[in-house]
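All chains, please: the whole structure from these sequences, using the hints.
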Amino acid sequence: MDNYLNGILVLVLVLNLLSLGTSRINTIIKAVSVQGALLGVIPFVVHQHLTLPAIIVAVMAIALKGVVIPLVMVHALREAQIKREIEPMIGLMPSIILGAVATAFSLLFASQLPLASEHVGKLLVPTAIATVFTGFIVLITRYKALTQVVGYLILENGIYIFGMLLIEAMPFIVELGVLLDLFVGIFVICIIANHINQAFSSMDTRRLVTLKE
Amino acid sequence: MLDTVIHVILLLVMPPLLIGVINKTKAWFGGRVGPPLLQLYYDIFKLMRKSMVLSDTTTWIFVAAPLVTLAAVLVAGLLVPLGHAHAPISFVGDLILFAYLFGLARFLTTAAALDTGSSFEGMGASREVTFACFSEPALFFAFLVLAKISGSLTLSDILRATVDVSVTASAPLILIAIGLFVVLLAENCRIPVDDPNTHLELTMIHEVMVLDHSGPLLGVILYAASLKLFVLGGVLLHIITPSYAAMRWFDWPLFMVQMVCLAAAVGVVESVMARLQMRHVPYLLVFALISCGFGFLLLIR
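Going down the list, the protein sequences come from chains A and B.
The C-terminal position of the first sequence is numbered 284 in this note's numbering, with every residue numbered one higher than the one before it.
The C-terminal position of the second sequence is numbered 433 in this note's numbering, with every residue numbered one higher than the one before it.
If you're looking for bench data, these hints aren't it; they were derived computationally from the structure.
Heads up, a few of these hints could be off.
[As the list claims (entries may be wrong)] Below, simulated DSSO-like cross-link-like pairs (lysine-lysine); rule was C-alpha separation at most 27 Å, straight line:
#1 B:156 - B:178
#2 A:154 - A:101
#3 B:158 - A:101
#4 B:158 - B:178
#5 B:280 - A:193
Being a predicted model, the structure only gives us computed values, none of them experimental.
The structure is reproduced here in structure tokens:
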């Protein structure tokens with residue numbers, strides 16, 4: 072079972088790099104939705120005896136992160152009529168390298184951590200740290216509001232992987248609450264992004280600092 | 133012995149078929165009939181019967197390059213185990229020879245391109261060498277991972293060892309499989325990197341270097357290019373589908389089916405993607421390099 076788990080987590084890492092390296096917002100949304108759906112599969116792979124809460128969380132995660140949120144974002148993208156991140160704060164190549172360094176760091180760092188014995192051979196912790204880092208990098212270095220939302224989503228995916236470590240101890244209502252918050256948050260951000268776009272004909276966050284009441 | 137004979141026959145005969153499969157797949161995606169499956173064989177035979185036109189500025193390098201390229205790729209093909217069988221030639225450290233045979237082929241192709249004295253071809257040569265800088269380390273990282281897994285430095289052993297360990301070391305293998313697939317596309321100038329069908333654009337790489345070759349030399353170049361796809365595909369297949377049934381009459385057809393499926397997969401990639409902008413190609417190759425590097429990092433940490 073660990074092999075399937077590690078296989079999925081490695082694909083998550085690859086999708087991190089992909090979302091750092093592409094300038095098309097459509098591609099990065101697709102990458103993140105595939106990532107979310109992959110993460111939803113993890114509970115089925117990790118646990119020998121699945122409990123009902125775990126199944127509900129997994130199915131909700133796949134449905135929300137894999138289908139609903141990407142649809143909302145693609146809709147917002149179409150309304151806003153933008154296709155690509157024109158000029159990220161640091162270039163695409165440096166951000167790939169930054170992501171690679173962060174991933175390498177988290178791989179090495181996680182092997183130093185005192186982990187519970189059942190988590191040692193798995194890639195859960197390094198992938199979680201690397202995904203959180205990737206989310207940070209996307210959030211910090213991109214100017215378009217929608218890409219920043221995607222960065223937030225990647226960040227949440229990383230935290231979700233951390234949650235996989237505790238899935239038996241953590242009440243599932245917490246996880247569902249997080250998913251609901253995430254959904255509502257992104258829904259609202261996408262609507263706001265549309266309104267910003269209509270009002271100012273730009274979604275560049277650098278120009279949003281001049282907004283006044 | 134019989135395995136060796138089949139290996140050599142497949143190596144000599146099958147490669148142009150792969151290009152046919154790729155073109156058929158692309159035609160099917162586009163809703164066209166497409167060229168016949170064996171078109172490249174016809175092309176090569178036709179070119180072999182023609183006469184050559186040689187420019188006055190060229191020297192012997194121009195004639196030698198396609199022949200040496202073909203020889204280098206053929207030897208590389210003899211080093212790689214195809215399917216279940218051992219490679220005909222194998223010794224300790226032959227993975228270095230394998231990588232540098234491709235390096236030799238590339239060097240002579242670019243040298244021949246420079247030999248024509250055309251600035252256009254020089255541009256193609258410069259691009260080819262630039263992109264090789266990224267794809268070669270990726271190949272080496274992939275071999276490092278395989279060597280670490282199998283504890284051997286012989287290409288036959290490290291590629292066939294994936295049969296046993298695919299269960300315990302799946303994560304690095306997935307990473308290097310992704311990396312090697314990108315290297316396969318880049319080395320053979322397939323679509324995300326280069327479009328093999330265009331002939332008059334400023335962004336092509338391999339095609340521009342061979343513009344001045346004609347007749348039998350062009351035939352040799354076309355054949356060597358398809359052979360390169362076949363050899364690298366043979367390496368990649370060991371990582372993607374490592375299981376074989378140790379029965380000769382079953383394994384060889386299975387290998388051929390897998391190879392055709394790989395060619396079809398390349399065709400699908402070419403159909404759904406556009407060619408990348410020239411300045412974006414290094415991103416893709418760095419991605420492949422990082423992917424193979426992570427495979428190594430995962431293994432040694």
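Now the hints, each set against the structure:
Under the criterion of a C-alpha separation no larger than 27 Å, the hint pairing residue 156 (chain B) with residue 178 (chain B) is consistent with the structure, at around 21 Å. Our distance criterion of 27 Å between C-alpha atoms is met by residue 154 (chain A) and residue 101 (chain A), whose separation comes to about 13 Å. Taken as a hint, the residue 158 (chain B) and residue 101 (chain A) pair is honoured in the structure, with Cα atoms around 24 Å apart against an allowance of 27 Å. For a cut-off of 27 Å, the pair hint linking residue 158 (chain B) to residue 178 (chain B) stands: about 24 Å separates their Cα positions.
Distance restraint check for residue 280 (chain B) and residue 193 (chain A): the Cα-Cα separation of roughly 19 Å lies within the 27 Å cut-off, and the hinted pair is therefore satisfied.
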